[in-house]
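> Put chains B and Z on the given structure of chain H with help from the hints.
Heads up: the protein sequence lines correspond to chains H, B and Z, in order. The numbering used here puts the first residue of the first sequence at 3, with every later residue one more than the last. The numbering used here puts the first residue of the second sequence at 3, with every later residue one more than the last. The numbering used here puts the first residue of the third sequence at 3, with every later residue one more than the last.
Source of the hints: derived by calculation from the structure; they are not laboratory data. None of the values given here were measured: they were computed from a predicted structure. Be aware that one or more of the hints could be misleading.
Partner residues are not named here, just some residues of chain Z that face chain B (Cβ under 8 Å, in silico) [to be verified]:
(1) H24
(2) R158
(3) N234
(4) H247
(5) H277
(6) A281
(7) T308
(8) L338
Within a straight-line C-alpha distance of at most 25 Å, the following computed PhoX-like cross-link-like pairs (lysine-lysine) qualify [as the list claims (entries may be wrong)]:
(9) B:K332 - Z:K169
(10) H:K332 - B:K332
(11) B:K195 - H:K195
(12) B:K195 - Z:K169
(13) H:K332 - Z:K332
(14) Z:K195 - H:K169
Where is the CB? At the ideal position from N, CA and C, for every residue including glycine.
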Amino acid sequence: MPLTLGELAVRHGLELRGDPDHPVSRVATLRNAGPDAIAFLANPRYRHQLAATRAGAVVLDPSLAGECPGAVLLSRNPYAAYARIAAELYPAPPFPTGISHGASVDPRAEVAPDAGVGPSAVVEAGARIGPRCYVGPGSFVGAHAELGEDSRLVARVTICHGVVLGKRVLVHPGAVIGADGFGLAREPEGWIKVPQTGAVRIGDDVEIGANTTVDRGAIEDTVIEEGVKLDNLIQVAHNVRIGAHTVIAACTGISGSTTIGRRCMIGGAVGIAGHLEIADDTVLTGMTMVSRSLRKPGVYSGALPTDEAARWRRNSARFRHLDELARRVKALEDRLDRDDGGRQERGNDGDGEDE
Amino acid sequence: MPLTLGELAVRHGLELRGDPDHPVSRVATLRNAGPDAIAFLANPRYRHQLAATRAGAVVLDPSLAGECPGAVLLSRNPYAAYARIAAELYPAPPFPTGISHGASVDPRAEVAPDAGVGPSAVVEAGARIGPRCYVGPGSFVGAHAELGEDSRLVARVTICHGVVLGKRVLVHPGAVIGADGFGLAREPEGWIKVPQTGAVRIGDDVEIGANTTVDRGAIEDTVIEEGVKLDNLIQVAHNVRIGAHTVIAACTGISGSTTIGRRCMIGGAVGIAGHLEIADDTVLTGMTMVSRSLRKPGVYSGALPTDEAARWRRNSARFRHLDELARRVKALEDRLDRDDGGRQERGNDGDGEDE
Amino acid sequence: MPLTLGELAVRHGLELRGDPDHPVSRVATLRNAGPDAIAFLANPRYRHQLAATRAGAVVLDPSLAGECPGAVLLSRNPYAAYARIAAELYPAPPFPTGISHGASVDPRAEVAPDAGVGPSAVVEAGARIGPRCYVGPGSFVGAHAELGEDSRLVARVTICHGVVLGKRVLVHPGAVIGADGFGLAREPEGWIKVPQTGAVRIGDDVEIGANTTVDRGAIEDTVIEEGVKLDNLIQVAHNVRIGAHTVIAACTGISGSTTIGRRCMIGGAVGIAGHLEIADDTVLTGMTMVSRSLRKPGVYSGALPTDEAARWRRNSARFRHLDELARRVKALEDRLDRDDGGRQERGNDGDGEDE
Numbered sequence: 003m004p005l006t007l008g009e010l011a012v013r014h015g016l017e018l019r020g021d022p023d024h025p026v027s028r029v030a031t032l033r034n035a036g037p038d039a040i041a042f043l044a045n046p047r048y049r050h051q052l053a054a055t056r057a058g059a060v061v062l063d064p065s066l067a068g069e070c071p072g073a074v075l076l077s078r079n080p081y082a083a084y085a086r087i088a089a090e091l092y093p094a095p096p097f098p099t100g101i102s103h104g105a106s107v108d109p110r111a112e113v114a115p116d117a118g119v120g121p122s123a124v125v126e127a128g129a130r131i132g133p134r135c136y137v138g139p140g141s142f143v144g145a146h147a148e149l150g151e152d153s154r155l156v157a158r159v160t161i162c163h164g165v166v167l168g169k170r171v172l173v174h175p176g177a178v179i180g181a182d183g184f185g186l187a188r189e190p191e192g193w194i195k196v197p198q199t200g201a202v203r204i205g206d207d208v209e210i211g212a213n214t215t216v217d218r219g220a221i222e223d224t225v226i227e228e229g230v231k232l233d234n235l236i237q238v239a240h241n242v243r244i245g246a247h248t249v250i251a252a253c254t255g256i257s258g259s260t261t262i263g264r265r266c267m268i269g270g271a272v273g274i275a276g277h278l279e280i281a282d283d284t285v286l287t288g289m290t291m292v293s294r295s296l297r298k299p300g301v302y303s304g305a306l307p308t309d310e311a312a313r314w315r316r317n318s319a320r321f322r323h324l325d326e327l328a329r330r331v332k333a334l335e336d337r338l339d340r341d342d343g344g345r346q347e348r349g350n351d352g353d354g355e356d357e
Numbered sequence: 003m004p005l006t007l008g009e010l011a012v013r014h015g016l017e018l019r020g021d022p023d024h025p026v027s028r029v030a031t032l033r034n035a036g037p038d039a040i041a042f043l044a045n046p047r048y049r050h051q052l053a054a055t056r057a058g059a060v061v062l063d064p065s066l067a068g069e070c071p072g073a074v075l076l077s078r079n080p081y082a083a084y085a086r087i088a089a090e091l092y093p094a095p096p097f098p099t100g101i102s103h104g105a106s107v108d109p110r111a112e113v114a115p116d117a118g119v120g121p122s123a124v125v126e127a128g129a130r131i132g133p134r135c136y137v138g139p140g141s142f143v144g145a146h147a148e149l150g151e152d153s154r155l156v157a158r159v160t161i162c163h164g165v166v167l168g169k170r171v172l173v174h175p176g177a178v179i180g181a182d183g184f185g186l187a188r189e190p191e192g193w194i195k196v197p198q199t200g201a202v203r204i205g206d207d208v209e210i211g212a213n214t215t216v217d218r219g220a221i222e223d224t225v226i227e228e229g230v231k232l233d234n235l236i237q238v239a240h241n242v243r244i245g246a247h248t249v250i251a252a253c254t255g256i257s258g259s260t261t262i263g264r265r266c267m268i269g270g271a272v273g274i275a276g277h278l279e280i281a282d283d284t285v286l287t288g289m290t291m292v293s294r295s296l297r298k299p300g301v302y303s304g305a306l307p308t309d310e311a312a313r314w315r316r317n318s319a320r321f322r323h324l325d326e327l328a329r330r331v332k333a334l335e336d337r338l339d340r341d342d343g344g345r346q347e348r349g350n351d352g353d354g355e356d357e
Numbered sequence: 003m004p005l006t007l008g009e010l011a012v013r014h015g016l017e018l019r020g021d022p023d024h025p026v027s028r029v030a031t032l033r034n035a036g037p038d039a040i041a042f043l044a045n046p047r048y049r050h051q052l053a054a055t056r057a058g059a060v061v062l063d064p065s066l067a068g069e070c071p072g073a074v075l076l077s078r079n080p081y082a083a084y085a086r087i088a089a090e091l092y093p094a095p096p097f098p099t100g101i102s103h104g105a106s107v108d109p110r111a112e113v114a115p116d117a118g119v120g121p122s123a124v125v126e127a128g129a130r131i132g133p134r135c136y137v138g139p140g141s142f143v144g145a146h147a148e149l150g151e152d153s154r155l156v157a158r159v160t161i162c163h164g165v166v167l168g169k170r171v172l173v174h175p176g177a178v179i180g181a182d183g184f185g186l187a188r189e190p191e192g193w194i195k196v197p198q199t200g201a202v203r204i205g206d207d208v209e210i211g212a213n214t215t216v217d218r219g220a221i222e223d224t225v226i227e228e229g230v231k232l233d234n235l236i237q238v239a240h241n242v243r244i245g246a247h248t249v250i251a252a253c254t255g256i257s258g259s260t261t262i263g264r265r266c267m268i269g270g271a272v273g274i275a276g277h278l279e280i281a282d283d284t285v286l287t288g289m290t291m292v293s294r295s296l297r298k299p300g301v302y303s304g305a306l307p308t309d310e311a312a313r314w315r316r317n318s319a320r321f322r323h324l325d326e327l328a329r330r331v332k333a334l335e336d337r338l339d340r341d342d343g344g345r346q347e348r349g350n351d352g353d354g355e356d357e
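Isolated chain H, as found in the complex:
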C-alpha cells in the first residue's frame, strides 16, 4: 500500500520539501533505506548517517533539513511523526472474528459479535469481551473478567478472574494479569496464605509487555492508570498503583502497596520497595533500588557502573570499611587541628562531619 510523500505530509501535518508524488511503501533505517522507504532521525547518535542516506524521504527536525540530500518531512517531534506514518504503512493485521474452532468459550461469557477468540483460547463464565477485541491463541480470560473495546491479547496471555481492562489495551504473550498477590501470614508452624480478594483494573491505552506479571490486590484492587506502558518481565505486586502515562522498562519490580506517580520514566531492572510513594514526573535510571519514598520529582540513580574486575575487587573490598575510613579521616582532621592549634592558636574550622 504505497503512499505518496504529499499524502503523508497532508495527513500528518508535516512540511514536505521534495516531490509530493514520490511513493514510499515501507520504513527503513537511514543507513539501509532505498528510494521506496521512509526513514527518520531522532537520536543524534545517527546524525552522521544522514548525508549518505538514499531514503525516499527522511522525517526530521527542521534544523537538520539542510543536511539531508533528499526529500524531507519536517517535524519538531520526528519520532512521533515517524510512528504515525509507520502505523499507516503497517496497519495491524486484521484478526479473525468469531470464536475459533478449538477455543473454549463458556456459554455464560459475553463475546461481542465483532470480537475474535483464537484457537486454544479459553474464556470462562461471566467474562465480557468487548467490541473489536481479540483474545489471541492460547490466551485465558477468567471468570467475570472484562476487556474494553479494541483490546488485544496477542497470544498466550492470562487474564485472571475479575480483572478489568480498559479500551485499546494491548497485552503481549506470556503476561499474567491478576495472579494472587504474595500475601502470607507467619505462624509458628509456617506461613499461611492470605486470600487475595481484590482484582486488577487497567486503564485505557495501556500496553503490557511479554511475561510481565501484575498481581491482583489483597483487598482493594491493583490499579494501572491510562496510558501506562510496561515493558517485558516486569513485576507489579498487589495494590500497587501506577499513575497515568508512566513508562517502565524491562525487568523492573515494584513491591506491594507502592504508588507510582504520573508520567514517571523508570529504567530497566529497577527495584522499588513496598508502601512507598514516588512523585509524578520522577525519573529512575536503570538498576536503581528505591527503599524510601521520593516525594520530589527529579532524576534518581543508584547503580554503580561496571569496572575491570581486578580494580572492582580492590574498590569493593575497601567499601566494606568505608565507615572506618571516614572515621580515620575525621581523626586525621582532629589531630591536625590539635597540632595547628598548639602551634598557631587558630580557630577550629569545622570538622566536616556530615552524617
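Frame of chain H, contents of chains B and Z only:
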C-alpha cells in the same frame, strides 16, 4: 455467605468485644470498610486509620483494642487470624471435575475421578493427577509428572516430565517447573548441551508465583521443601535446594547447586551465586548479591539506596578510586606519625590498615 | 539401554582404564553413583569425593586418574566428554509426528511430514515447520514464522509472526520470541506506539531458556547468532545483536540496539544499557550494570558483595558522602603539604587527585 462475629470468634479462637450476632460478609481495608465488612490492623503504618473506621469488626492485637471505636476480634497474630477469616469468607471457587472438552489427556495418564483438567490443558502419558487436583486451562503436565492431592495449577502452568509435586501445591499462571537446567560444556567450536537428567521435587504446601521458573536437576533433583513460598518471576536453577518454609520475593535468582536453609526470608531481586550454602533463618534484603556462603543466620544487605542523579554521579565516580583513596589516607596517617614521632617521640598507635 | 565402558571409550575417543565389558546404564554424582552408573569430575570442588566413589567409571582429567579407586575414562575436557556420554545414555524422547488432535494448524501453513505439532498448539498461515521439528503442546507459531530442521519448542512457547529460527534451535517453555519491542514516542498527551516492523532471526544451535523474551526489531531485525545459549527469564530488547557462541545466565536484561560480541560469558542478573557495543570474549560477572561500551575484552564486575545489614547500613550511609570525603582527604594533603613546605621547603609530591 455472611457470618456473625460470634461464629468467627468461636471458630478462630478469638476474643470478641462487640455484638456476637452482627453479620459480616466481606473483607475491607480500615479506611473503606462498612458495617458489613471485617478489617484488620497488622502494619503499624495504618494505625492512624483505626479511630475513624466503620468496619463491622477489626481484627487486631489486644493492646490496640481501646483505640477502635467498634467491635474487635483480638489476636496476638492479627494478620494470621485475618487470613483464616478471609479464607472462610472467600472460599476458593470450585473447579469443574473431569476432563474438559478441549483438554488432551493421554490414555496412559492417571487422573483421579474427582480431579479436573481444564480446556486446552495437556496431560501426557504416565502422568498422575491426584485426588481433588485441578490442571487449569492451558496447562501442561509432562510424561510421568505427578501432582499430589489438592494441588492446583491455576492456568497456563508448565510441569515438565518427571516433576513431582506434593500435596496442596499451588502454582500460578506461566510458571515453568522442570525445564532443562543451564548445563553447557565448552569445546573449541562452541558449547555443547549437558543432558539434564534429574527432575524437580516439590514438597507439600508450596506456592509458586506467576512466570517463576524452577529448573530440573542435572543429575540429581532440584528440591523445594514443604511450605516454601515463591513469588513471581523467580529463577531457581538446577540442583538448588530450598529449605522448608523459606519465602522468596519476586525477581530473585538462585544459581545452580546452591542450598538455601529453612525459614529464610529473601527479598526481591536478590541474586545468589552457585554452589553456596545459606544458613537457616537467614534474611536477605532486596537487591542483595550473595557471592559467598552465609553460614551464620542474620540479616544481610548489599544494595545502595538511590540518590539524586547528580550527587550519585559524583559519589560513584569516587568509588572507582576508593582503593586509592584508602591508600592516601594511610599515607597521611604515616606522614603525621612520622612528623609527630620527630617532634614527640611517641609510639605508633597502629596503622588502622584493615584488609 | 546399557552400554559397556569399552563402547563408550571407542565412541568418544577416550582412554579407558578398567574393564571394557563393564556395563553402565545411567549417570550419577560421584557421591551417589553405584556400579551401574557413570560419573564425572570437572569442578575441583568435588575432588574430595573421588576416593570414596562407587561409580562404574569416572570421566576425569588424566592428571587425576590415580585418585580414583575404580575405572576411569580420561579426557582433557571431562565435562564435555561426560555430556556426550550422557546424551547417548539419555536420548531425547521421540515426539509424535503429525498434527495432534487438538492442535490448530492453518491450511496455509507448511508442516514437514516428519515434524510434529502437539495438542493445543497453534500454527498460523504461512508458517513453515521444518523437517523433524516439534511444536510442543500449547505452543504458538505466528504467521510466516519459520522453524529450521530439528528445532524444538518444548511446550507453551510463543514464536510471533515472521520470526525465523535456524536449525536445531531449542526453546524452553514460556519463552516469547518476537513480541513487539518497547518503542514509544512522547507527545504532550502521552506516549504513542512506534510500530515494530522488524522480526527476530535466530541462528543454528541456539538454546533459549524458560520465560525468556526476545523482542522483534523496530525496523531491522533482532539477531541472535549461531550457538548462543540463553538461560531463563532473560530480556533481549529490540535490535539487539548477540554474537555467536555467547552464553548468558538467567535474569539478565539487554536494552535496545546493543551489540554483544562473540563468545562472551555474561553472568546472571546483569543489566546492559542500550546502543552499546560489548567486545568479543567479554566476561561480565553477575549483577553488573553496563552503561558504556566495553571495547576491550576482559572481565568486568559491578556488584558489591553482601554484608551484615548493620555494617552495610553504616558503609552505605558513608557512600552518600564519598565525594565529600575525597575532598576532605585532598584538603588534608594540601594542608600537610603547606605545613611541611613551611617547615622543610620540600617540593610538592603531587596531589593524588585522580578524576
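> Below or equal to 25 Å on CA atoms is what counts here, so check B:K195 against H:K195.
With a Cα-Cα distance of about 39 Å, the restraint between B:K195 and H:K195 is violated, given a limit of 25 Å.
> Has the given pair, B:K195 with Z:K169, been kept, meaning a C-alpha gap of at most 25 Å?
holds (15 Å)
> Against chain B, run the beta carbon of Z:T308 and see if the smallest gap drops under 8 Å.
Where the cut-off is 8 Å and the nearest Cβ of chain B is about 4 Å from Z:T308, the hint holds.
> Given the hint that H:K332 pairs with Z:K332, does the C-alpha gap stay at or below 25 Å?
Given pair H:K332, Z:K332 holds - Cα atoms ~13 Å apart, limit 25 Å.
> The hint names Z:R158 as touching chain B; please verify it with the least Cβ-Cβ distance against 8 Å.
Z:R158 check passes; min Cβ-Cβ to chain B is 5 Å, inside 8 Å.
> Hey, B:K332 versus Z:K169, does the alpha-carbon distance stay inside 25 Å?
Judged against 25 Å, a Cα distance of about 60 Å means the pair is violated.
> Is the shortest C-beta separation between Z:N234 and chain B less than 8 Å?
holds (4 Å)
> Is it true that the CA of Z:K195 sits at most 25 Å from the CA of H:K169?
Holds, because 15 Å separates the two Cα atoms, which is no more than 25 Å.
> Per the CB criterion, is Z:H24 less than 8 Å away from chain B?
violated (20 Å)
> Quick check on Z:H247 please, does its C-beta sit within 8 Å of some C-beta on chain B?
Because about 5 Å separates Z:H247 from the closest Cβ in chain B, which is inside the 8 Å limit, the hint holds.
> Hint Z:A281 vs chain B: min CB-CB distance below 8 Å?
Violated - the Cβ of Z:A281 stays beyond 8 Å from chain B, reaching only about 18 Å at its closest.
> When the nearest CB of chain B is found for Z:L338, is that gap smaller than 8 Å?
holds (6 Å)
Going down the numbered hints, you'll see the structure goes against 1, 5, 6, 9 and 11, while the others check out.
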